[in-house]
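*Asks:* Residue numbers (my numbering), protein chains in the order written: chain E, 13 to 496; chain D, 122 to 365.
Just so you know, the hints here were simulated from the structure itself, not pulled from any lab data. Treat the hints loosely; a few may be bogus.
Stated by the list, open to error - Away from chain E, derived, C-beta distances all over 10 Å, residues of chain D: (1) 156; (2) 157; (3) 163; (4) 168; (5) 197; (6) 242; (7) 277; (8) 335; (9) 346; (10) 358; (11) 360; (12) 362.
Said to hold, decoys possible - Residues from chain E that face chain D, not an exhaustive set, calculated with beta carbons under 10 Å: (13) 128; (14) 141; (15) 323.
Ideal placement from N, C-alpha and C gives every residue a C-beta, glycine not left out.
Residue-level listing of the chains:
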Amino acid sequence: MGEGGIPVPKLTRLENECHVQTTKPSERTASTPVKTRQSHTTRAGWGNYPRVKHKAIIPIYWREQAEHLSEIEGSLLPYGRGRSYGDSCLNAGGTLIDIAGMNRFMSFDQETGLICCEAGVTFADVLKLVVPMGWFLPTTPGTKFVTIGGAIANDVHGKNHHKAGTFGCHVTRFELLRSDGQRLLCSPTENADLFRATIGGLGLTGLILWAEFRLRRVPGPFIAKEQIRFGSIDEFFEISADSDIDYEYTMSWVDCMASGRQLGRGLYMRGNHTWPRRVPGKPSEAKPLFTVPVELPAFLLNTFTVKAFNEVYYHSQIGKIKRQTTFYDPFFYPLDAILEWNRLYGRPGFLQYQFVVPYATDRGAIKEILRQISASGVLSFLAVLKVFGDVKSPGMLSFPRPGVTLALDFPFRGRPTLALMDRLDQVVRANGGALYPAKDARMSPETFAASYPNWEDFAKYIDPKFSSSFWRRVAQKQHQQGIR
Amino acid sequence: MKLLIVGAGSAIAQETAKCFAKDGAEMFLVARDAEKLAAIRQDLEVRGAKRITTYTLDLDDLSRHPDLIRAAVDALGGLDAVLIAHGTLPDQKAVQDDVEKVMAAFTTNALSYLSLLTLLAPHFEAQRRGCIAAITSVAGDRGRGSNYVYGAAKGAVNIYLSGLRARLSKSGVSVVTVKPGFVDTPMTAHLKKNLLYAKPETVGKRIYTAMLKGQDVVYTPGFWWAIMWVIKHIPEMIFKKLPL
């Protein structure tokens, strides 16, 4: 069952001649959900909103096979594992280049920790290979099911941002294929501008074929973890100030349903790599607990269930501080244990909202936003708070910057959800903050321009054949107007 | 473990090879495309394979099979296991009325298998140990109107393997028939996917365990055994009318 024997067509495509149906967030309400007919070229980000149709999805499996991009009609966008939440990984009416099958390792130096692999290799693949040899990812987001290409394109960050910066800070070089057939080696010294544009460049500067990056040494697969309960946002900032020096990994869960005196209560998690004196069980390949088989009915997530969940979770530990040694997997990827967990939000999907605001103004802005969410009655039960450090990423359009970041998710309930997020935008912009494109499905061009004032410099490096639904939404129109 | 993989470029074979690489196997990889072989070789080396030799060959060229086997035995210093995994999925409608195309499909999917198996049999019979695995298909279990050229070629290999197993079992050599169902690989990239499609990783791992255990016939994923049991037991007078 392979391709030995007869020549394989250079590019096999999944064609879809149906009319393209795209939906603008503003046109959607809970009472009139737009039904996009499911087809094999329909894709959504991890939030399952929006769902859009593509002209074709072309899988590529080999680096050499990718050299025929210019033959494809219409616009292109690389697609990895679709873990971006909104539409930054979608290209409605255009073509997605599916790179998940281009997933081979190329070299790994066990002395220096320099690893090189094709763009479709996932963080999970890397961990499986390198952890037994005493190496670890330089930084990792909350899921390991992202590709290296996607990690670069979104310049992902993790719980150790205050120490290590973004993933892009650890990338030493990569090869970028442009639609005119050029294969460009990009590094801080070669094609340096394209290197900086591609890190955090949302896949728009060309197709990353492979990348080389630096791993970090670890004593073993264990994390010494501490979980501290905090009763308010002010307490969070106190713990945070104490923790960021001594702890490699820090982040917090915040109860967004709490209000009044309890506003901003939550659990602070911090940890370091460790090799414990007593090993808690045999290190084994982490197996997912279960798969959510179908999209659950949306009504299962309601004020009562979310409040109950938060109450139980907040009180899940008896003392103020809980200490334990765990494997890295449950520490970094608690949600990966439930495959397809996004289906919990049901057919309408959900929206993520992640912003960063500078230190100087942080408490006021965070408090204001928590107050607005709590007052709005809109549900959010996976709220994550973290202080970013000042390690600068090479990426031009990189999201993390010194300050405080809060990530929220809202089950999609149409207009009220979108209206709340628009109000939050005002607070973020008033405080000089920014939103994260990888999690966005609805920010306005104005909010994008305010978040990324250098976006027009970035736009010069976009490959003329590459585009995305996200980019057309936030930038294309402005850009064209600017040119006129 | 000294392992020969024929059709090493196939997605399923690559996944099986990854499992063996982790165990530090020595490998001899055969495929048509030198660039692809180089990429696979790097990947398997990073994953722990000890010594890898690559060999570029169009497997339709049956006359060169003896050289291939000799080169593999020389390079590895013997053979513990073989996986034959190459193949093509002919477009039934495009080939069914064209003798040349039907023969070409048979050369790739049946004759080249029979040729390799014929050459390998005495080697394994003489050394009285080892494992020969070949990937056929559930399509080889019964001729369907929509895919009988491919099915007949795979069916021929199934029957050959069954007989070879009977012969070599006396020498302690295991012969593994692998019958994958639908797998999401480059070979099926142009087809619409449904719930029956499995990942090459799942199938590749299953082949690895089947080879280590020396199992006889393996449907992968396992539910295909039940599907094919039903398919095989439908009377022909009904079966011929089914849109399968």
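*Asks:* Next step is simple, just say for each hint if it's right about the structure.
*Replies:* Going through the hints against the structure:
no.	hint	in the structure
1	156	5 Å, violated
2	157	6 Å, violated
3	163	5 Å, violated
4	168	7 Å, violated
5	197	20 Å, holds
6	242	21 Å, holds
7	277	16 Å, holds
8	335	21 Å, holds
9	346	18 Å, holds
10	358	32 Å, holds
11	360	24 Å, holds
12	362	29 Å, holds
13	128	9 Å, holds
14	141	7 Å, holds
15	323	38 Å, violated
Hint compliance for this structure: hints 1, 2, 3, 4, 15 are not met, and every other hint is.
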